[in-house]
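Engineer: Spelled out from the first residue to the last, the chains are:
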Amino acid sequence: MNTAIGKSVRRKDAWDKVTGKALYTDDFPISGVLAARLLTSTCAHARILHIDISKALGIKGVKAVLTGADCPELFGPLLQDRPALARDVVRYAGEPVALVVATDKPTAERAVRLIKVDYEPLAVVLTPSQAMAEGTPLIHKQVNGYKKLLTDIYPEAGTNIASRYRMQKGNTAEAFQRCKVLVEQRFFLPPSAHLAMEVRTARAEISSDGSVLITASSQSPYSVRKQLSEAFLIPAGKIQVRVPYVGGGFGGKAPVMLEVLAFLASRSVGGKAVRLTIPREQDMASAPCRMGLEADLKVGVDENGLIQAADLTYLLDCGAYTDISPYMTKAIAMDCTGPYHIENLSCDAICVYTNHTYVTSFRGFSHESFTFCIERVLDMLASKCSLDPLEFRIRNAIRPGSLTPSQVECTASLTGDLTKCLNNIKQLAQWNGGNAVPIKENTVRAKGVACFWKTENPPTDAISGAMITFNPDGSMNLNTGVVEMGSNGQTHLAQILAEKLQVDADQVHVVTSVDTRTAPEHWKTVASLTEYMAGLAVVRAADDLLEQLRSNGSQVFGCPADEIEVANGRVFSKKNPEQFIAFKDIVQGYKSQQGESIGEPVLGRGGFMLKGLSMLDPQTGQGKTGPEWTLGAQVVEVEADLKAFSYRILNASTVIDVGKVINPESMRAMIAGGMAMGISLSSREAYIYDQDGIPRLPNLRTYKLMHIGQEPDYRVGFVETPEDNSPYGLRSFAEHGVIGIPAALGNALAAAFGRQLVILPLTPETIWRTPSEEHV
Amino acid sequence: MVKYEGKVVIALQVNGEAHEVAVRPSDLLLDVLREQLGLTAAKPGCLNGDCGACTIMLDGWPVKSCLMLAVEAEGHVVLTVEGLNGTAPIQKAFVDADAFQCGYCTSGFLMVCHALKTQNPLMPKENIIEEWLQSNLCRCTGYQEIRRAVRLMYEST
Amino acid sequence: MIPFNFIYYRPDSLQEAADIYSTLQSKGQKAVYFAGGSEIITMCRTGSIQPKAVIDIKNIPECGLLSLYNQKLQIGSVCTLNQISESKLFPLMRLACGRIADHTNQCRITLGGNLCGSIIYRETSLPLLLADAEITLYGPEGERTVPLRSVFYQCMQLKPGEMIVQVQIPVWALSARHYHIKKTANEKIDYPLVSVAAICKDSKLRLAFSGICSYPFRSEQMESALNQQTKSFEERVKQAAELLPEPVYADAEGSGEYRLFVFKNTLRQLLEDWDNGKI
Ligand SMILES: Cc1cc2nc3c(=O)[nH]c(=O)nc-3n(C[C@H](O)[C@H](O)[C@H](O)COP(=O)(O)OP(=O)(O)OC[C@H]3O[C@@H](n4cnc5c(N)ncnc54)[C@H](O)[C@@H]3O)c2cc1C
Ligand code: FES
Ligand code: FES
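First to last, the protein sequences are chains F, Z and B.
Read left to right, the first sequence gives residues 360 to 1135 (my numbering).
Read left to right, the second sequence gives residues 82 to 238 (my numbering).
Read left to right, the third sequence gives residues 55 to 333 (my numbering).
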């Protein structure tokens, strides 16, 4: 019987969030806390000739002014290429150049505005292809001189290439010969923003014994600890990182940036508590953003409409510093073809520096970007073959026995069931072949389909953990390192625990804020792996609890432990279920009527380390980076005004194979939210840089997100093909709603307007500018 | 005539209580609510009037507190989410409709919705609801749940 | 957060306001009239202005009027866009106000602030220009009431220390047939690519525009072109576009060519609707 799994259990954070009681990082009291503000670069690429901080230091209330000279350390999770404050050169407009600490925010900001920096502009590099061209200025003089933290990062000396990943499978040259239909296409996707509604922020203080306390809006408290420990040679145990509620992350709060600056700020004032706040403008231009992408794709199909070969080049625009981009590049290579059976493949995924704001993980971890390209090509092929694009996808769908790009053999457990997703979405989206349908004069409706799949790219040794204690009323407290930033992971974990103990989910309380001192390490709240990794840890912790409960029970009832059952908040013997002990009487040990103490207090713990993952072979790409895949199909329907080039999105559908539905309502909402983000980013979002690499005033006035009223009807369907090794068969889940939407929208609009849309965002002006093509 | 220079003490009527706070004339209402009165439900999201996370009610109408000086609030009635006391129909409606994920935009939406109901006790047309709610941004949800919450708010009374 | 300090004045009369302004000016200190504050606060925050003092004019009775008087609608300069809409007195103005910024901001943005603001669109000017509105100004040199078009070209041409007290709209405009259309790049809540307001007077269309050039304007030449009943829509629109007072405005919201495309489409649609009696 299910007590908690599969139920729309209410969010654990619900009432906190509607009463204003949910505290986010900058909501904590500020009395006695100093304020830090940043000065950022006004040039995209320049030598710093001189920084004059004398006027700033002269302001009453200013405690310290820091520049790159005060911080020689370099940072980065993979390649240490980034200074906390620019040293000698700035590499993007918005790069932190100086940091002021003062008694309060206004004073700090006044001082910031009095710092004078002399720059000598250098030539700027603004696109990946420009960065790759012969004779282009180097953004980093010695890319191969930086320290690598993982071995599979391959910077290429004397170039702007930070890393490269290759996939080679079969023989593409030969296979292309057999193809009846070929599509070769170039794509361009600009960088864009995460735009979590909560701007990134951090606080730091250092005690007199050198202990460091960081409070931050972060998806990665344990990485904050690790990076600070390694950079400043502080024992990790002396660093405590606290993360309260996080106001949206979407990958943008996975990197470690403001935490380091806050630490430096506190250190510069003798360890006093300091809060670093940045305005939205800096959150957009200075903190890392979403990747840009250029792609060159060539895919061929035989006379039966089967894809024979693909030759794919993806250039990821990582901006001025790498952060996690090499792994996003690797992620592109891993899944580069989309979920299709393709035997002959050659793929180059290259991570390239430019003078853009540096980038980091974004919901979908690069999949939302490359999927646009490959899925647009699939539609072009289907059209050339005169096939229904959805049927064309079914024909080529990955299936048990297929090899993924990195030559992992697919099984139902490993990859799930794409064909079923495609078949189910026909009904959900009322698929009608994908052709434009006239509605009235100059108006048509059209649907576009796209598939997605995604595996993960954690370090091969990523870990998670869970600890459970009981309350005197028999309810439980669940403590994990999972950050609550909206994805509802903590509630889902509570459901897994409740199910294991056969109690109602109400009986599980969650520790909502993460504290690295008390919560067991969870790698990062990213990559949709919360329920998978932390879920396995919870299952183990629950097993641990059950074993202890059985042991207590066997001592009370005087029978073997394997005769003891635990369910509905009771411990009893299978042989005599009528006679039971309620949790509240046994979880802290049992006291008999005579006062005798029996058993021990029950405390659960569980740990989990990913196993069986490997690095990729540098030549062929063979290897496995994540435990499994999650895949699905999406459809977007548009109504297009052919004369005005405007359009309305009518509905967006997703059918996703989640392995097991843990919480129907919250998972539906999460997928809908992903679709909303996909629509917003592909229809209107982009950083626009001028020829000097300066982004247009980065704020929400001009950078438009979708408002209410533009949203379509969202439809979500689930397929459940269990994953053999996970709790209750679930697959990694959270980000996926976003991935195929840009492509599905692009396909719908291409069908509606008869134009080959190959750049994002798909604004009416973009469509208007694209020359029309007869044969779309 | 009023003239305020340097730090001044002003009287603010917030959530039914009278407060005296020392402010600079250039202090934003949002900052004073959050940093001096400890009312942190209203959130900074853009400080530019674009996101609505800082929305409060002023004399029954929604106002973005990042685009208002604290001294301007003198003599007016300010209401924040804390002042809804967990009993406003919109709060329960938000919980029942699952109208948030990260929750950061929630306070702002709650105040817009509460103001909508204050000004339109009967459910207005969908386009009016949209017009009001277009003042706010949510990056997590697809807005459908928020619409549902507005409907539930009206149905509950 | 505004990092610097300023002095805040809240005068109770026009005279007081102008006096404060003059006194500060004589000391070489910069003061600004402060209405909804939405623009001033943003500009102070980002550092593009740093006034020594702000003079909040919302307490001045004459600036807050909103009523019909003597065959005219008076709208005080500190009336918010929302108050103007809710009054339902001037339908075309209501349409224009309803599309500026968003509803919550409309509860703060004032008519005077929109007309005097540095954001180039000043969309409330369109209905006023079409309606032959008059405007009352008050400054250190006293009060004057003049046709709006004599002081609004491209932007408000105020004398130092002068402020808008109110505008007066003749009643014919309140019931005239009218039309308003605002086209944005993609999102509804946005600055206009093209905003067009039209009103019908003596069976002729009057038109005013924002977004298409770097300032809002009414053009009688373009009106003549568009009112040529004998010519096709296509020809009229083409002629009107050629009569734009300056090259088409371009920015990241929309390139010049695209704006022009949208502009022409919008005019066509307007003429069609006019022809079909939809206006
Ligand atoms: C989110 C957002 C979106 C916007 N979108 C649009 C849009 O689409 N279209 C559009 O037209 N505008 C738009 N605006 C601009 C908006 O209309 C301006 O912010 C408005 O001009 C400011 O009005 P305010 O009353 O807040 O003025 P304030 O900020 O108080 O003042 C603005 C300027 O006007 C002066 N001023 C104000 N009142 C008077 C007066 N009575 N006499 C003399 N001078 C005066 C002030 O000194 C100041 O220089 C938008 C603004 C925001 C915040
Ligand atoms: S913070 Fe006020 S509107 Fe965004
Ligand atoms: S719930 Fe996260 S922004 Fe709305």
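Since the hints were derived computationally from the structure, they do not count as laboratory data.
What you are looking at is a predicted structure, and each value in this text was computed from that prediction instead of being measured.
Glycine residues also receive a C-beta, built at the ideal position from the N, C-alpha and C atoms.
It is possible that part of the hints are untrue.
What the hints assert, rightly or not - 27 Å max Cα-Cα, derived DSSO-like pairs, lysine-lysine: (1) B:Lys332 <-> B:Lys318; (2) B:Lys106 <-> F:Lys419; (3) B:Lys292 <-> B:Lys142; (4) Z:Lys206 <-> B:Lys84; (5) Z:Lys88 <-> F:Lys464; (6) F:Lys464 <-> F:Lys631; (7) B:Lys84 <-> F:Lys414; (8) F:Lys380 <-> Z:Lys206; (9) B:Lys213 <-> B:Lys126; (10) F:Lys1002 <-> B:Lys106; (11) F:Lys631 <-> Z:Lys206; (12) B:Lys332 <-> Z:Lys88; (13) F:Lys414 <-> B:Lys213; (14) B:Lys318 <-> B:Lys126; (15) B:Lys112 <-> Z:Lys88.
What the hints assert, rightly or not - Sample of chain B residues with no beta-carbon within 10 Å of chain Z, all distances over it, derived: (16) Asn59; (17) Ile61; (18) Ser80; (19) Lys84; (20) Val108; (21) His157; (22) Pro299.
Engineer: Look at each hint and say if it fits the structure.
Structural biologist: Taking the hints in turn, this is what the structure says about them:
no.: 1; hint: B:Lys332 <-> B:Lys318; verdict: holds (19 Å)
no.: 2; hint: B:Lys106 <-> F:Lys419; verdict: holds (20 Å)
no.: 3; hint: B:Lys292 <-> B:Lys142; verdict: violated (35 Å)
no.: 4; hint: Z:Lys206 <-> B:Lys84; verdict: violated (46 Å)
no.: 5; hint: Z:Lys88 <-> F:Lys464; verdict: holds (15 Å)
no.: 6; hint: F:Lys464 <-> F:Lys631; verdict: holds (15 Å)
no.: 7; hint: B:Lys84 <-> F:Lys414; verdict: holds (23 Å)
no.: 8; hint: F:Lys380 <-> Z:Lys206; verdict: violated (32 Å)
no.: 9; hint: B:Lys213 <-> B:Lys126; verdict: holds (25 Å)
no.: 10; hint: F:Lys1002 <-> B:Lys106; verdict: violated (52 Å)
no.: 11; hint: F:Lys631 <-> Z:Lys206; verdict: violated (54 Å)
no.: 12; hint: B:Lys332 <-> Z:Lys88; verdict: violated (57 Å)
no.: 13; hint: F:Lys414 <-> B:Lys213; verdict: violated (37 Å)
no.: 14; hint: B:Lys318 <-> B:Lys126; verdict: violated (34 Å)
no.: 15; hint: B:Lys112 <-> Z:Lys88; verdict: holds (22 Å)
no.: 16; hint: Asn59; verdict: violated (5 Å)
no.: 17; hint: Ile61; verdict: violated (5 Å)
no.: 18; hint: Ser80; verdict: holds (17 Å)
no.: 19; hint: Lys84; verdict: holds (14 Å)
no.: 20; hint: Val108; verdict: violated (8 Å)
no.: 21; hint: His157; verdict: violated (5 Å)
no.: 22; hint: Pro299; verdict: holds (30 Å)
Checked against the numbered hints above, the structure violates hints 3, 4, 8, 10, 11, 12, 13, 14, 16, 17, 20 and 21; every other hint is satisfied.
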